[in-house]
Every structure is written in C-alpha cells, then in structure tokens.
Amino acid sequence: MKFSALSLLRHALTGNREWTPHWRDAAPKPGYDVVIVGGGGHGLATAYYLAREFGIRNVALLEKGWIGGGNVGRNTTIVRSNYLLPGNIPFYETSLKLWEGLEQALNFNAMVSQRGVLNLYHSDAQRDAYARRGNAMRLEGVDAELLDADAVAKLVPQLDFDNARFPIKGGLLQPRGGTVRHDAVAWGFARAASDLGVDIIQNCEVTAIERDASGRAIAVQTARGRIGAAKIGLAVAGNSSRVAALAGLRLPIESHVLQAFVSEGVKPLIDGVITFGAGHFYVSQSDKGGLVFGGDIDGYNSYAQRGNLPVVEDVCEGGMAILPMIGRLRLLRSWGGIMDMSMDGSPIIDRTPIDGLYLNAGWCYGGFKATPASGLCFAHLIARDTPHPVASAYRLDRFATGAVIDEKGQGAQPNLH
Amino acid sequence: MRIPCPYCGERDAREFSYLGDASVARPATDDAAAYHEYVNLRANPAGPHREFWYHASGCRSWLVVTRDTRTHRIEGAELVR
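Chain order of the listed sequences is A and B.
Its first residue numbered 0, the first sequence is counted upward by one per residue in numbering that gives the first Met the number 0.
Its first residue numbered 0, the second sequence is counted upward by one per residue in numbering that gives the first Met the number 0.
Here chain A stands alone, though its shape is the one from the complex (with noise of 0.2 Å):
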C-alpha cells in the first residue's frame, strides 16, 4: 500500500483502524540467491537496494531480535557528509545525497531535516584544520562554510562565547548536515524491501556458517533451520567478530560501547546539530524537544548495551562547557550501543577470503549517516563481486597493506577513534 494524501485521509477518517503490517513477517524458504545476516539499518539498506538497483529479489534478511532492535534504534540520528580523507568524502557524499531523496524512493516520511551541522573551533589551530577540511570538503563538490564567532553568535547565540578555556572562536557548518528519524529509517526500508520480494525473518539468531569442501560458504545454521544461501552477506555491526568468527575469520575490530542521551523536553532551544571541538560533545534537539546528545566511547571492550558513570559525567561536562543553560535540565534517560571499533576507525566493506562470504563492518560510531550509501555499496559488491567506486577504498586488507584510513590519525587504536 502506497502512502499518499488520499490514503492518510482515508485512514483518519477510518479512526486509524485499518492499517495493515507494513513488511511481510516471513518464514524462512530452503535457501535463497542472498542471506544478509543483521537487520539493521545496513542490513536492511543492502536487501533493499540488492531488489531495487540489481535485480536480486530472492533475498533473506536475518535478524536475531525484531527490526529496529538494534543500532538502528539506539543512535542519535545525525546525517552529515563533512569528512576529510579522499576515501571518505566520495562515500559520505553519496550517503547524503541518498538521504536527500530516500523518502520518495521509499515512500515513507523519515523526517530528513537539514538543519546544518556546526562544529565549533577554539584555537587558530583548530580553525586550520577546518578550513582545510573545509577546503577538501568543497573540491569534492560538498557544502561547507567556515565561520567566524560573529556568524557562529547570530547563528547560535545561547552559546557560551565567554568560556575562558574553550573560547569559541567559530565554526565549520555543513548547512545540508542534519538528522533524521531513525525508527522511520528501519521501518521504510523493511518495507520497501519487503515490498519488492525480500523476506524478512526476525526472531531467528544465526549459529553457525556451513561451508562446502572447497571452503566456500553455502548455508548459515539458524534458530529457525538451515538455510542455504549462494552468497552470505554480514551487516551484524557490534558481533561483527563474534559471526565472522562463525566461519573462523579475525577481524581488525574491537567492541566498545557509546552513550547517548535524553534531556527533558523543552521549548525549540537548538536548531541543527552542534558540536563541541575541544572535548567531544555534540547536541541536537529532537522534534519532541528534548536534546539529544553524546560525547565519546566508555573506550573499552564491551558488549554490554549500558556504559559506565565516568562517561555520564564526561559527556555533561563537554555540554556544560558550551551550554551552560542544560545545567538546568533533567536528564530524561541514557542508553548504550555496541559498535564495531576498527583498527583505523574506517568502515570494511568488502569480500572475505572466504569464497560467497561478504562483510560489512566497522562503522565505529558514523553508522547510521552511512545507511543508505553503505546499502547501496554492499549490493552492489554482492550482486558484482566488484566494489563500488564510492566504497573502493573500504577494505580488509588495507590494515596489511598499510593503506589505512584514519581519519582522526589515532593508528591501529580503536579505543581512541
């Protein structure tokens, strides 16, 4: 069912009665042209884009909980392109520009809002570094404009110019930078995934990879049966190590938790997405009023979908620092997700040396901006055997080769990325 003007008006003056599942709950078939393992946003993204773009409809899509359980649910919605690496911006862009135009390709309201992402800078150093990255930024194509503290103060004057520390002294905004509904995002692409002949199957926990005598991988061992599979696609961020060790592969990534927080409602206080250069805080209002914000990992190996005080009371204080005013607000609640740490704090999108075996990993804690883009690039690596132009430089074996990309310079160190 296509949503339109005529059919929420329909609906409403039904009393909201008659709508329908929106995705089809499958049953697992005997086996399929693709498995992707997670349902997750890039999971979801990459069956989508696997029916849409390349024509393979007799995909599964497997998740161990219920869609949107995951990292998909548990981020703080931000979308922004403004990277500094040659590797990076190409993939970033085309995320964005994805986002720009993903509610007409799924017909569904996501709630793109670019409201422009700001990062603050507090030093002529800083202000360098942003203006090249700025500068790299712009011959890519992407917007970016450097502001001075008299633009950042008419744009965002509730801030604490006066801090003695960490003088504001501008900013690098991305106007088309900022935030959209990350439920929406789940619950469209399941839809319109499952619209075009994706069977997505929830509730069914993937045990064990099956792989034939010459090492190719032909099944995945399920809560809900065996299921064969002539390629395997892993979108599992935060277990990448625990399934890729399924099929006993070590990967460069390490598990750490992030936080992210809820302050009470309030009035419209924040207009885009905002960020604290000096430490690491960034804050965005949600369309409900409350701010949402975060700051860095609790930096060490975890599972635990919760983080630890230390990082609670970090996180304020990076807020405080250039809002002084939140002090006042309540915290409504925090929670935790697991994310994949990489080596160099970059994506792997790429083959395993595992024949029919495909991974999709590393996200650090830039996911969600990548959901479309990485759909788009793990279909197509999937469906060709070849990587997308936009995401050639994503992959595992670049931590041999030397050909990292570490876009905050912190080495082989995923605690500090």
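It is worth saying that the hints were derived from the structure and are not from the lab.
The beta-carbon is built from N, C-alpha and C at its ideal position, and this holds for glycine as well.
Stretches of chain A that chain B covers, calculated by requiring three or more beta carbons in the stretch to come under 8 Å of a beta carbon on chain B: (1) 241-252; (2) 298-305.
Short derived list, chain A residues pointing at chain B, Cβ under 8 Å: (3) 309; (4) 342; (5) 414.
Given chain A, work out where chain B should sit, using these hints.
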C-alpha cells in the same frame, strides 16, 4: 566499574587507562603477516577478556585485568610480568 589493583586495592576505573587485549603477543620475528596479526587482529570475545589497564592515578603499575565484556564484571587483576 572498580578495579582491584594488587597494590592499591579496589579503586575506581577512572584512575586507570585502557590499553586493550592482553592476549596478543609481540612476534619474535619481523614477519609482516605476524605483525599484522599482532597490531590489528583481535578475538574480541563476548565474555571473559584479559586486558591491559594502567593505574595512572595510583601506583602506576601495568595490570592484566580479567573482565566479562557482557556485564563489566571484573574477576581479578594481576601485575604484568
């Protein structure tokens, strides 16, 4: 999270800094593949994990802490030898 330092007793985790998996060993050879394994590849288990912590705000010892990555529960800590 509180870490039982063998010298200082149980102390808050914020006195320590983390340096990752303690099960990897520096290779004896200068073979590139062995170094790739040592620098980059990790088992990343969900469960008990032996990991390095540095007691920066205490006795400044390096510890190997055994911690369950699913619960943050700490089994124990010993000095690095």
